[in-house]
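Whenever a hint applies, use it, and build me the whole structure from the sequences.
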Amino acid sequence: IANLKLVNVLKNPGITKKRKILSVQEGLLAIQFTLVVVSIIFALSIRSAQERVRDDSFRKLPPDIYVLGSIRDAGVPVEKVVANLSGVQRISPADYLPAYASTPNTMKVTTGGDAKISLPYASIDENFLDLFRLSLVAGTNLSRDGGAYGVLLNEAASKKLFPSIISAREIIGERFSNDTASFQVTGIVSDRSFHVHRVFPIIFLNSATPAGSLAIQLQPGADLENTGQMIRRSFAGYEPELYNYRERVLDSFDSGIAKFNRALTFLISVLILIACIGLFGIAGFHFEKNIKALSVRKIVGAGNIQLISSAARPLLKILLISIVSGVPLAFLVTMTIGRSIDKDLSVGLLNVFGGVLAVAVISGLVVISQTSRVIYIRPAAILKEG
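At position 303 of the sequence shown the residue is numbered 303 (my numbering), and the sequence of numbers has no breaks.
To be clear, the hints were calculated from the coordinates, so they are not data collected in a lab.
Keep in mind that a hint or two might mislead.
In the DSBU-like style, the derived pairs of lysine-lysine whose C-alpha atoms are separated by at most 35 angstroms in a straight line are [said to hold, decoys possible]:
#1 160 / 259
#2 160 / 108
#3 159 / 116
#4 160 / 116
#5 289 / 259
#6 108 / 159
#7 289 / 317
Remember, predicted model here, so these are calculated numbers, not experimental data.
Below, the structure written as structure tokens:
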């Protein structure tokens with residue numbers, strides 16, 4: 001009699017027989033909440049990286065640049081007319097805008113051997129670099145007059161075309177060709193000056209082919225609406241799309257990441273829902289299993305907080321195990337899968353704290369919703385039943 005464990009005696013024998021099944025369910029629940037911890041920390045890390053890219057790159061875009069789209073629809077060259085409008089400071093015809101990831105035009109080029117590589121290219125003029133705040137690491141800008149076969153390369157393109165040459169200055173003056181023309185490198189554009197997170201190789205060249213859009217830098221105090229009206233009056237039947245470059249890029253970036261974040265949020269929500277359903281069931285199971293022991297504790301004077309703490313203790317152990325295992329696993333996932341998405345992705349302490357706090361709050365509400373019933377149990381009636 002002295003060795004009897006009163007709590008075990010008071011437990012429901014029918015439920016105690018299911019201990020093995022309960023252990024398996026608790027293990028699955030721990031795995032589920034570990035995945036929830038990992039997914040929330042991973043999502044917060046991605047969100048932090050997105051905000052960092054937005055602030056570090058796109059907010060540095062020049063605010064006074066406007067783009068006149070579809071200028072070929074005017075039927076006549078618009079560059080000279082727009083350049084002479086009041087309020088216009090500078091223009092630059094361009095098929096490519098530096099904040100976008102790619103250009104639709106490509107050419108096959110060779111540096112003298114038989115092997116050819118395909119590289120994107122864009123037609124620009126001498127104002128392009130200054131207008132979009134791009135800088136050269138070597139060489140000079142394209143020439144206003146002549147220099148039709150002089151080209152600029154960004155650093156990524158120069159390394160791909162001339163892999164054996166380490167110094168950018170040594171590439172100046174080198175030549176390469178396609179099927180119709182030979183080109184000479186006049187300058188190397190810094191990859192760091194581009195307003196994109198990942199820079200792809202690109203060739204910049206002067207071209208007689210009319211560009212598809214026109215970048216316009218307005219003078220300080222010039223009105224965009226007034227400029228648009230003057231352009232419409234200058235070209236009959238031409239309804240141009242004139243928009244702010246930085247605002248359009250930010251809107252496009254926000255729209256793209258919003259779609260990705262919605263899909264990620266949906267996945268995390270499903271994981272949380274499944275885990276909470278499991279936690280809800282096991283919380284109820286533990287409550288019924290320990291209800292007699294809780295009744296005795298209530299009879300001998302345990303307070304409500306003590307009763308809730310006793311009922312929630314086995315569940316809190318499961319959640320603690322999930323958090324302790326989930327945090328290092330989140331670091332591992334971020335350093336492997338995350339780095340394949342973004343090489344600069346990292347797990348910050350704030351993201352870890354946010355993930356742990358979110359799991360603690362969600363699971364805590366579920367646990368309290370079940371264990372708080374202990375306040376309303378009637379010990380005498382429960383002990384009479386058994």
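Of the hints given before, which are not true for this structure? 5
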